[in-house]
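Trainee: Chains as they are written, first to last, in my numbering: chain W, 8 to 190; chain G, 8 to 190.
What the hints contain is simulated information worked out from the structure, not anything from laboratory work.
There could be a bad hint or two in this list.
[What the hints assert, rightly or not] One-sided and incomplete, this derived list gives chain G residues near chain W with beta-carbon spacing under 7 Å:
hint, residue
1, Leu15
2, Asn20
3, Glu21
4, Ser129
5, Arg132
6, Ala133
7, Gly137
Ideal Cβ positions, reconstructed from N, Cα and C, are used throughout, including at glycine.
2 protein chains.
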Amino acid sequence: MRLRDFGLRNGINEVIVITKGEKLNTAPIGIIVENEDSIFAKAKLFPSHTRSNVEKGSFFVANVVNDAVLFALATFEDLNEDYFESLDPPILRNSLAFCEFEAKIRGPIVHLRLSKGKVLRSEIRAVNRGFNAVIEALIFATRLKLNPKFAEKIRDCYEIIEKCGGEKEKTAMEIIKKKTGIL
Amino acid sequence: MRLRDFGLRNGINEVIVITKGEKLNTAPIGIIVENEDSIFAKAKLFPSHTRSNVEKGSFFVANVVNDAVLFALATFEDLNEDYFESLDPPILRNSLAFCEFEAKIRGPIVHLRLSKGKVLRSEIRAVNRGFNAVIEALIFATRLKLNPKFAEKIRDCYEIIEKCGGEKEKTAMEIIKKKTGIL
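Only chain W is shown next, with the shape it has when bound in the complex:
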């Protein structure tokens, strides 16, 4: 068993992490992998529900997802149970794979040790710049308070989504517009 078996490769892997506090929490997280042939990874965890759930002993389950709408929704709110195809282990609908990790927090970093994983679907998809632009727009959206100039970057992403995206990407763009107010 190694990280790459479940789609986690060297570099930063943008996934949706599910933890549990009073209710299920879903958050996009970048999992940092230095050796994809190992079971060890890490992530930066700033103060957040994800972090406080882990501090209180929650499981830490990463879902490998290629659905632009799920990424958009998880960025702004917790996905409710309707978005899950399984609750134990927690698996979002259409997830490609899930990985369960033992998680230990040290300072701003959570150290991760893969304990279980499964490939659920092995759907292939050609590169879509619209999908990629959704991910970039979401990054800028979460940093908008730090730098209002990111509004312009988000609009650049909209142009690419309009031109290259499919239905999911365009729905994700509408979510971003609604949540950020950047039209």
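Knowing the structure of chain W, use the given hints to seat chain G on it.
Mentor: Same frame as chain W, now just chain G:
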């Protein structure tokens, strides 16, 4: 048989297209899909080796690829036979799928009709912003003559590749640096 079976989905699909003139030509092309459940697609084809090969009756084979280095190399030069795992049909090493199309040129558009396709590998990979930034940098690199300001955009991509990419993405970045002179 439908486009989505081979990873081509609604929107613009960035793939590597192989045609044959005096020798094999490899070029990144955006295949436009309006109905992924059909066998029909199209692409813009400006004057290029790809276009003149099709005009002379070449086959038109799309490879669905998720390898940053292949995208970078194919943007700047033709990939030689060492990069192929099969020559008939033409399949680049590590391609996820290939699709053969009947191609008819009308004005700037090539109209495509899927005649054959096969999924070769069903490798999953979590979203990597470094990979996505390689694709964006390549788009800007090909348009650099139109607008020298794209140099700055390419440098923005380098930052993301450095931070988020794996080895393949960093190798692709070195190729972009060498070919464009943008450091």
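Trainee: Under 7 Å is the threshold here; is the Cβ of Arg132/G close enough to any Cβ of chain W for the hint to stand?
Mentor: It holds, given that the least Cβ distance between Arg132/G and chain W is near 5 Å, below 7 Å.
Trainee: Regarding the hint that Glu21/G lies at the interface with chain W, is the smallest CB-CB distance below 7 Å?
Mentor: 4 Å, holds
Trainee: Quick check on the hint: Gly137/G CB to chain W CB, less than 7 Å?
Mentor: OK, holds: Gly137/G within 7 Å of chain W, min 5 Å.
Trainee: If you take the shortest Cβ to Cβ gap from Asn20/G to chain W, is it below 7 Å?
Mentor: 4 Å, holds
Trainee: Is the interface hint for Ala133/G satisfied, with its Cβ closer than 7 Å to some Cβ of chain W?
Mentor: 4 Å, holds
Trainee: Does the closest beta carbon of chain W sit nearer than 7 Å to the beta carbon of Ser129/G?
Mentor: 3 Å, holds
Trainee: Is the interface hint for Leu15/G satisfied, with its Cβ closer than 7 Å to some Cβ of chain W?
Mentor: With a minimum Cβ separation of about 6 Å from chain W (threshold 7 Å), the hint on Leu15/G holds.
Hint compliance for this structure: every hint is met.
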